[in-house]
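There are 2 protein chains.
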Amino acid sequence: MAKQKKMVEAITSMDEDFAKWYTDVVKKAELTDYSGVKGCMVIRPYGYAIWENIQKDLDARFKKTGHENVYMPMLIPESLLQKEKDHVEGFAPEVAWVTQGGQEKLAERLCIRPTSEVLFCEHYQKIINSYRDLPKLYNQWCSVMRWEKTTRPFLRSSEFLWQEGHTMHETEEEARQETMQQLMTYADFYRETLAIPAVIGRKTEKEKFAGARETYTIEPMMHNGVALQGGTSHYFGDGFAKSFGITFTGRDNTLQYPHQTSWGVSTRMIGAIIMVHGDDNGLVLPPKVAPIQVVIVPIAMHKEGVLEKAKELADKLSDTFRVKLDDSDNSPGWKFSEYEMKGVPLRLEIGPKDIEQNQCVLVRRDNREKTFVSLDNLTEEIPKLLQAVHDGLYEKALANLKEKTYTAHDYTEFLDIAANKPGFIKAMWCGDVECENKIKEETGGVKSRCIPFEEEHISDVCVCCGKPAKHQVYWGKQY
Amino acid sequence: MAKQKKMVEAITSMDEDFAKWYTDVVKKAELTDYSGVKGCMVIRPYGYAIWENIQKDLDARFKKTGHENVYMPMLIPESLLQKEKDHVEGFAPEVAWVTQGGQEKLAERLCIRPTSEVLFCEHYQKIINSYRDLPKLYNQWCSVMRWEKTTRPFLRSSEFLWQEGHTMHETEEEARQETMQQLMTYADFYRETLAIPAVIGRKTEKEKFAGARETYTIEPMMHNGVALQGGTSHYFGDGFAKSFGITFTGRDNTLQYPHQTSWGVSTRMIGAIIMVHGDDNGLVLPPKVAPIQVVIVPIAMHKEGVLEKAKELADKLSDTFRVKLDDSDNSPGWKFSEYEMKGVPLRLEIGPKDIEQNQCVLVRRDNREKTFVSLDNLTEEIPKLLQAVHDGLYEKALANLKEKTYTAHDYTEFLDIAANKPGFIKAMWCGDVECENKIKEETGGVKSRCIPFEEEHISDVCVCCGKPAKHQVYWGKQY
Numbered sequence: 001m002a003k004q005k006k007m008v009e010a011i012t013s014m015d016e017d018f019a020k021w022y023t024d025v026v027k028k029a030e031l032t033d034y035s036g037v038k039g040c041m042v043i044r045p046y047g048y049a050i051w052e053n054i055q056k057d058l059d060a061r062f063k064k065t066g067h068e069n070v071y072m073p074m075l076i077p078e079s080l081l082q083k084e085k086d087h088v089e090g091f092a093p094e095v096a097w098v099t100q101g102g103q104e105k106l107a108e109r110l111c112i113r114p115t116s117e118v119l120f121c122e123h124y125q126k127i128i129n130s131y132r133d134l135p136k137l138y139n140q141w142c143s144v145m146r147w148e149k150t151t152r153p154f155l156r157s158s159e160f161l162w163q164e165g166h167t168m169h170e171t172e173e174e175a176r177q178e179t180m181q182q183l184m185t186y187a188d189f190y191r192e193t194l195a196i197p198a199v200i201g202r203k204t205e206k207e208k209f210a211g212a213r214e215t216y217t218i219e220p221m222m223h224n225g226v227a228l229q230g231g232t233s234h235y236f237g238d239g240f241a242k243s244f245g246i247t248f249t250g251r252d253n254t255l256q257y258p259h260q261t262s263w264g265v266s267t268r269m270i271g272a273i274i275m276v277h278g279d280d281n282g283l284v285l286p287p288k289v290a291p292i293q294v295v296i297v298p299i300a301m302h303k304e305g306v307l308e309k310a311k312e313l314a315d316k317l318s319d320t321f322r323v324k325l326d327d328s329d330n331s332p333g334w335k336f337s338e339y340e341m342k343g344v345p346l347r348l349e350i351g352p353k354d355i356e357q358n359q360c361v362l363v364r365r366d367n368r369e370k371t372f373v374s375l376d377n378l379t380e381e382i383p384k385l386l387q388a389v390h391d392g393l394y395e396k397a398l399a400n401l402k403e404k405t406y407t408a409h410d411y412t413e414f415l416d417i418a419a420n421k422p423g424f425i426k427a428m429w430c431g432d433v434e435c436e437n438k439i440k441e442e443t444g445g446v447k448s449r450c451i452p453f454e455e456e457h458i459s460d461v462c463v464c465c466g467k468p469a470k471h472q473v474y475w476g477k478q479y
Numbered sequence: 001m002a003k004q005k006k007m008v009e010a011i012t013s014m015d016e017d018f019a020k021w022y023t024d025v026v027k028k029a030e031l032t033d034y035s036g037v038k039g040c041m042v043i044r045p046y047g048y049a050i051w052e053n054i055q056k057d058l059d060a061r062f063k064k065t066g067h068e069n070v071y072m073p074m075l076i077p078e079s080l081l082q083k084e085k086d087h088v089e090g091f092a093p094e095v096a097w098v099t100q101g102g103q104e105k106l107a108e109r110l111c112i113r114p115t116s117e118v119l120f121c122e123h124y125q126k127i128i129n130s131y132r133d134l135p136k137l138y139n140q141w142c143s144v145m146r147w148e149k150t151t152r153p154f155l156r157s158s159e160f161l162w163q164e165g166h167t168m169h170e171t172e173e174e175a176r177q178e179t180m181q182q183l184m185t186y187a188d189f190y191r192e193t194l195a196i197p198a199v200i201g202r203k204t205e206k207e208k209f210a211g212a213r214e215t216y217t218i219e220p221m222m223h224n225g226v227a228l229q230g231g232t233s234h235y236f237g238d239g240f241a242k243s244f245g246i247t248f249t250g251r252d253n254t255l256q257y258p259h260q261t262s263w264g265v266s267t268r269m270i271g272a273i274i275m276v277h278g279d280d281n282g283l284v285l286p287p288k289v290a291p292i293q294v295v296i297v298p299i300a301m302h303k304e305g306v307l308e309k310a311k312e313l314a315d316k317l318s319d320t321f322r323v324k325l326d327d328s329d330n331s332p333g334w335k336f337s338e339y340e341m342k343g344v345p346l347r348l349e350i351g352p353k354d355i356e357q358n359q360c361v362l363v364r365r366d367n368r369e370k371t372f373v374s375l376d377n378l379t380e381e382i383p384k385l386l387q388a389v390h391d392g393l394y395e396k397a398l399a400n401l402k403e404k405t406y407t408a409h410d411y412t413e414f415l416d417i418a419a420n421k422p423g424f425i426k427a428m429w430c431g432d433v434e435c436e437n438k439i440k441e442e443t444g445g446v447k448s449r450c451i452p453f454e455e456e457h458i459s460d461v462c463v464c465c466g467k468p469a470k471h472q473v474y475w476g477k478q479y
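The listed protein sequences derive, respectively, from chains Z and P.
If you count by UniProt numbering, then the first sequence holds residues 1 to 479, one letter each, in order.
If you count by UniProt numbering, then the second sequence holds residues 1 to 479, one letter each, in order.
Among these hints, one or two may not hold up.
Any copy, or any two copies together, can satisfy a pair, since identical chains are not distinguished.
[As the list claims (entries may be wrong)] Simulated crosslink set (DSS-like; lysine-lysine; CA at most 25 Å straight-line):
#, residue 1, residue 2
1, K316, K63
2, K27, K136
3, K311, K63
4, K384, K38
5, K447, K426
6, K324, K56
7, K440, K477
8, K288, K56
9, K467, K370
10, K208, K309
11, K438, K136
12, K324, K63
13, K288, K63
14, K206, K426
15, K27, K126
16, K309, K20
17, K288, K64
18, K208, K447
19, K20, K126
20, K85, K126
21, K126, K440
22, K353, K311
23, K384, K83
24, K309, K353
Hint data in this document are derived by calculation from the structure and do not stem from the laboratory.
Make a model of the complete structure from these sequences and hints.
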């Protein structure tokens with residue numbers, strides 16, 4: 001039969017070739033397609049539906065804490081990008097430049113936004129006059145462009161989708177609170193919605209965002225021990241405000257500069273979902289962002305009453321859950337493989353014998369555990385099982401994070417771990433960028449992930465140079 | 001007092017200078033701001049919240065009819081844009097070109113998408129193989145760029161936000177049904193959600209979309225009698241499919257070309273809302289897309305119990321409606337003006353006397369009608385009043401559309417109406433583009449809006465040349 005050609009083929013095993021496994025999953029689960037522009041991806045319906053669920057959840061969290069959405073232009077004049085020195089140095093080398101508009105050669109080049117700090121500042125300069133105008137708590141959902149040489153779907157692409165929050169505050173204290181609040185919003189979202197645990201903390205000087213005074217980060221660990229920078233929250237102080245001449249009349253009637261933050265997460269999070277939860281059968285989706293939460297597979301579909309019962313269940317459950325009934329001619333086995341590949345959290349099987357006994361079988365994607373459930377109890381049992389999948393995914397990811405986090409007391413130990421045990425390394429650091437550079441060079445890419453909020457005391461001296469230690473740092477390779 | 005400076009200033013009257021009135025409303029209602037890139041606007045929180053409500057409503061309509069969202073790259077290689085001859089001729093003159101990516105000069109220019117037919121086709125070519133893969137019902141929410149010389153917020157800007165649906169079908173009949181279904185979805189949305197009536201029909205050859213076989217359009221009339229092309233739905237036949245080599249194996253095992261549609265509406269709709277419903281006091285928002293549906297203004301706010309009661313009401317009503325309590329120090333009169341300017345459909349006033357009588361005052365934005373409502377009946381009365389505002393707006397707009405639609409039996413009459421009575425003109429047409437060109441030239445811009453689905457018989461001959469008439473056309477000037 002023609003459809004047999006579409007039979008789900010096996011994918012590369014994770015342990016054999018993690019990179020190839022990743023690409024296989026992205027392709028077989030129909031998340032993205034390549035496009036004619038190098039490094040720009042097509043996000044297909046199943047991938048985009050995950051992004052829509054992410055957006056909906058995060059957007060509600062942002063709005064609950066008083067943030068409003070806006071839309072800024074996608075183009076930035078070169079002179080505007082240059083207004084903040086550190087910022088332009090960080091971004092100018094990797095932007096795409098528009099030099100022709102319609103029939104005319106442009107007098108000034110315009111870049112496609114790599115991030116929108118300068119656009120927000122240009123606008124804030126016009127609308128902030130008094131302390132009464134503060135705080136401004138703006139967020140934007142959009143696409144940005146950073147010209148990348150080597151790209152991979154979701155993890156690193158020239159164009160990607162993200163949200164960028166940009167806020168202005170009356171005092172430093174309030175801005176610092178906002179920076180932390182948004183970092184914690186991300187951490188909560190990763191844990192509660194994506195079932196992903198992470199290390200959080202402050203970036204070192206070397207690793208912080210171009211123009212920021214401080215950058216905070218959330219760093220989940222992928223299944224293979226490699227880190228993914230999962231989201232960042234920046235405190236800017238009044239640096240941009242000074243460069244852009246943004247001032248306000250304070251409560252004491254003096255002219256002051258507002259204090260600024262920005263924070264963002266992107267479609268990279270879909271990459272994290274794949275690499276944290278996936279397995280050799282494909283994608284494993286956390287129930288809260290899964291486009292299909294329950295797939296109904298009728299068994300012996302052409303026997304009397306089966307399809308009718310399956311449809312009745314689909315109708316009933318659709319009020320509460322994201323449900324798909326697959327009534328195609330493919331075999332149940334084929335369907336099992338397909339929806340495992342697509343990471344659907346729960347599979348509901350129903351056949352003639354089940355109907356006789358007024359029950360069905362629910363199978364968890366994460367551990368293939370089967371439960372027989374009475375058809376009368378489905379609306380109570382499904383939420384419990386979805387929560388069990390969520391909890392199971394989180395526990396497994398947390399175990400992986402703990403198992404692959406090592407402690408290095410001296411440099412020999414550090415190099416040994418770096419060479420042989422992929423994961424995070426906890427070790428002391430003197431605070432000098434030279435040691436960061438040396439470590440990166442001698443380990444083939446291990447970088448400081450962050451300085452955690454609760455530092456451990458591992459030794460008195462820097463793991464690299466032996467000078468007195470200032471901080472405990474999480475180290476690791478990254479995507 | 002300092003805040004007195006913020007007192008809402010009067011805006012230009014509509015009758016005095018409609019264009020200036022429009023700009024005043026956009027500015028005073030804080031919908032947009034200008035940016036440093038000519039023709040690109042900043043959509044401010046209040047304007048963007050309208051767009052979010054529009055998106056939510058339309059997206060649900062699209063999904064209900066089986067459409068899925070995707071995301072395509074924002075850049076199009078020049079060679080890809082050139083694949084369909086008519087399409088490139090229509091768009092190439094007005095696109096922005098990226099010629100430099102990062103540090104390298106690009107071998108091939110890339111344009112920022114002015115619309116995404118070619119990107120969808122490139123993707124469809126890869127994923128459509130069998131009739132089983134059809135239909136493909138994809139939609140995308142994104143920003144597009146068309147290099148415009150003269151721009152106005154929402155109405156014509158180089159960058160704008162929109163949705164673009166792109167579908168592929170097994171048969172011509174199915175594709176034609178989709179084209180009509182989506183046009184009717186727009187018409188329903190305009191009527192049911194935006195309270196805007198419109199003329200709908202088919203575009204003439206001259207006015208149709210570049211590359212389309214047929215273009216259908218929805219044409220609402222603004223308060224001043226000028227048309228706004230409010231949304232279009234295109235039937236493409238298999239022209240793009242042939243240019244892009246998109247084929248599928250049909251039910252009869254032969255290789256066939258799929259039949260294509262596309263359809264889109266944009267942030268222009270916000271311009272339509274402003275110009276259809278607005279008045280000399282500012283914006284008037286249809287309740288279904290209003291960011292604030294009910295604004296609560298406490299009277300004698302500092303008297304005991306007033307603010308508490310107002311807060312209690314705000315909490316209670318927020319479960320069902322989009323509510324704002326303004327407890328700022330501004331005077332009630334100032335607040336009245338502000339929320340009239342912002343077009344909030346209902347104002348709820350509550351003061352000490354009202355509280356004594358367990359009632360409040362509800363004032364409609366559209367006609368300033370006041371109703372005293374018992375505090376116990378608010379959740380029943382507010383929906384009725386919001387519906388009354390919606391109906392009132394629709395009726396008023398429909399009356400304007402009817403009043404300003406004229407019939408021209410001969411060319412003298414046509415020219416007289418065109419010169420003296422802004423609005424739509426119903427008149428017969430021979431089908432020749434020469435008459436369209438002549439009419440446009442001799443009237444300073446009157447163009448065919450559409451050929452309605454139910455044509456009237458006004459006379460036997462073309463209003464312009466006197467040759468036998470083929471169609472009745474709606475004519476009018478446009479934004």
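Here's how the hints hold up against the structure:
| no. | hint | verdict |
| --- | --- | --- |
| 1 | K316 <-> K63 | between (31 Å within a copy, 19 Å between copies) |
| 2 | K27 <-> K136 | between (41 Å within a copy, 18 Å between copies) |
| 3 | K311 <-> K63 | between (37 Å within a copy, 19 Å between copies) |
| 4 | K384 <-> K38 | neither (44 Å within a copy, 54 Å between copies) |
| 5 | K447 <-> K426 | within (12 Å within a copy, 72 Å between copies) |
| 6 | K324 <-> K56 | both (20 Å within a copy, 22 Å between copies) |
| 7 | K440 <-> K477 | within (9 Å within a copy, 66 Å between copies) |
| 8 | K288 <-> K56 | both (11 Å within a copy, 20 Å between copies) |
| 9 | K467 <-> K370 | neither (57 Å within a copy, 77 Å between copies) |
| 10 | K208 <-> K309 | neither (57 Å within a copy, 48 Å between copies) |
| 11 | K438 <-> K136 | neither (42 Å within a copy, 53 Å between copies) |
| 12 | K324 <-> K63 | between (31 Å within a copy, 14 Å between copies) |
| 13 | K288 <-> K63 | both (19 Å within a copy, 19 Å between copies) |
| 14 | K206 <-> K426 | within (18 Å within a copy, 69 Å between copies) |
| 15 | K27 <-> K126 | between (46 Å within a copy, 13 Å between copies) |
| 16 | K309 <-> K20 | neither (41 Å within a copy, 63 Å between copies) |
| 17 | K288 <-> K64 | both (19 Å within a copy, 21 Å between copies) |
| 18 | K208 <-> K447 | within (12 Å within a copy, 57 Å between copies) |
| 19 | K20 <-> K126 | between (50 Å within a copy, 21 Å between copies) |
| 20 | K85 <-> K126 | within (21 Å within a copy, 45 Å between copies) |
| 21 | K126 <-> K440 | neither (44 Å within a copy, 41 Å between copies) |
| 22 | K353 <-> K311 | within (17 Å within a copy, 58 Å between copies) |
| 23 | K384 <-> K83 | neither (53 Å within a copy, 53 Å between copies) |
| 24 | K309 <-> K353 | within (12 Å within a copy, 60 Å between copies) |
When the structure is compared with the earlier hints, violations turn up for hints 4, 9, 10, 11, 16, 21 and 23 and for no others.
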